[in-house]
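Undergrad: Sequence:
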Amino acid sequence: QPLSVICGEDDTLPRPIQDILTVLCLKGPFTEGIFRKAANEKARKELKEELNSGGMVDLKSLPVHLLAVVFKDFLRSIPQKLLSCDLFEEWMDALERQNEEDKIEALKAVADKLPRPNFLLLKHLISVLYLISKNSEVNKMDASNLAICVGPNMLTRENDQHLSFEAQKDLHNKVKTLVEFLIDNCLEIFGENIPAHSSTASDDSLEHTD
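Quick note on UniProt numbering: the sequence shown kicks off at 1 and runs consecutively.
It should be emphasised that the hints constitute simulated quantities derived from the structure, not laboratory data. A couple of the hints might just be wrong.
Said to hold, decoys possible - DSS-like mimics (lysine-lysine), calculated; alpha carbons at most 25 Å apart, straight line:
hint, residue 1, residue 2
1, Lys60, Lys37
2, Lys176, Lys108
3, Lys37, Lys134
4, Lys140, Lys60
5, Lys72, Lys140
6, Lys103, Lys113
7, Lys108, Lys72
8, Lys37, Lys140
What the hints assert, rightly or not - Computed spacing ranges between beta-carbons, pair by pair:
hint, residue 1, residue 2, range
9, Asn52, Gln161, 20 to 28 Å
10, Gln18, Glu46, 14 to 22 Å
11, Lys108, Thr12, 21 to 29 Å
12, Asp58, Ser164, 43 to 51 Å
13, Arg97, Thr12, 30 to 38 Å
14, Glu105, Gln80, 23 to 31 Å
Just so we're clear, the structure is a prediction, and the values are computed from it rather than from any experiment. C-beta: ideal position from N, C-alpha, C; glycine also.
With the sequences and hints as input, model every part of the structure.
TA: Put into structure tokens, the structure is as follows:
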């Protein structure tokens with residue numbers, strides 16, 4: 001379903017998605033291989049069924065890698081993808097600006113064209129990835145690694161399944177470059193008041209994760 005259908009009337013993100021992002025924000029920076037490592041397939045299926053049925057789940061008690069995998073599944077399921085297939089060429093044109101300031105302004109302009117729920121989720125997600133990348137010495141996931149693991153779930157072309165292997169490789173490289181730039185320039189593109197819980201991210205009780 002489009003994000004606009006599952007978001008609240010005031011464009012708030014679905015509660016389970018907000019909660020998963022909050023846990024990823026708190027525990028992700030201290031979790032090695034976050035967004036890269038796989039999760040137990042049975043647990044993954046059960047959690048998705050539980051969340052889809054509206055059941056109450058204590059997300060904080062679950063393995064962080066499981067939450068990251070289920071969140072990537074959610075991104076993959078968004079029709080037109082989070083960054084919107086329709087805006088693919090505009091994203092790429094913005095990325096090709098030579099001057100960094102021009103590039104940032106152009107990317108802001110494209111982001112503003114996204115449906116409001118997509119923009120809110122993008123801002124929240126990139127802020128979480130930014131926090132994780134800033135602690136890459138611990139989690140081994142810098143902006144480049146995160147973009148490789150999460151990027152393909154965020155943007156593609158229409159009918160990408162019909163592309164040749166080389167064209168798909170080129171597509172993935174372009175999307176990876178875009179997402180990596182968004183992560184590295186999170187504060188410049190989305191503002192200083194990013195929706196990340198950085199003040200509690202170093203809570204000792206959260207450092208010992210799977």
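Undergrad: The structure should be examined with respect to each hint, and the outcome stated for every one.
TA: Comparing the hints with the structure gives:
1. Restraint check for Lys60 and Lys37: satisfied, since their Cα atoms lie roughly 18 Å apart, inside the 25 Å limit.
2. Using a Cα cut-off of 25 Å, the hinted pair Lys176 and Lys108 holds, with the two alpha carbons roughly 18 Å apart.
3. Restraint check for Lys37 and Lys134: the C-alpha separation of about 19 Å stays at or below 25 Å, so the hint holds.
4. The hinted pair formed by Lys140 and Lys60 meets the criterion: a straight-line CA distance of about 22 Å does not exceed 25 Å.
5. Distance restraint check for Lys72 and Lys140: the Cα-Cα separation of roughly 19 Å lies within the 25 Å cut-off, and the hinted pair is therefore satisfied.
6. Distance restraint check for Lys103 and Lys113: the Cα-Cα separation of roughly 16 Å lies within the 25 Å cut-off, and the hinted pair is therefore satisfied.
7. The hinted pair formed by Lys108 and Lys72 meets the criterion: a straight-line CA distance of about 23 Å does not exceed 25 Å.
8. Note on Lys37 and Lys140: the hinted pairing holds, with a Cα-Cα distance of about 11 Å set against a maximum of 25 Å.
9. Evaluation of the 20 to 28 Å hint for Asn52 and Gln161 yields a pass: the beta carbon distance comes to about 25 Å.
10. Between Gln18 and Glu46 the C-beta distance comes to about 21 Å, which sits within the given range of 14 to 22 Å.
11. Judged by the Cβ atoms, the range 21 to 29 Å given for Lys108 and Thr12 holds: they are separated by roughly 22 Å.
12. The hinted range of 43 to 51 Å is satisfied by Asp58 and Ser164, whose Cβ atoms lie roughly 46 Å apart.
13. With their beta carbons about 33 Å apart, Arg97 and Thr12 fall inside the hinted range of 30 to 38 Å.
14. Here the CB-CB span from Glu105 to Gln80 is close to 24 Å, well matched to the stated 23 to 31 Å.
Figure legend: structure checked against the earlier numbered hints; every hint is met.
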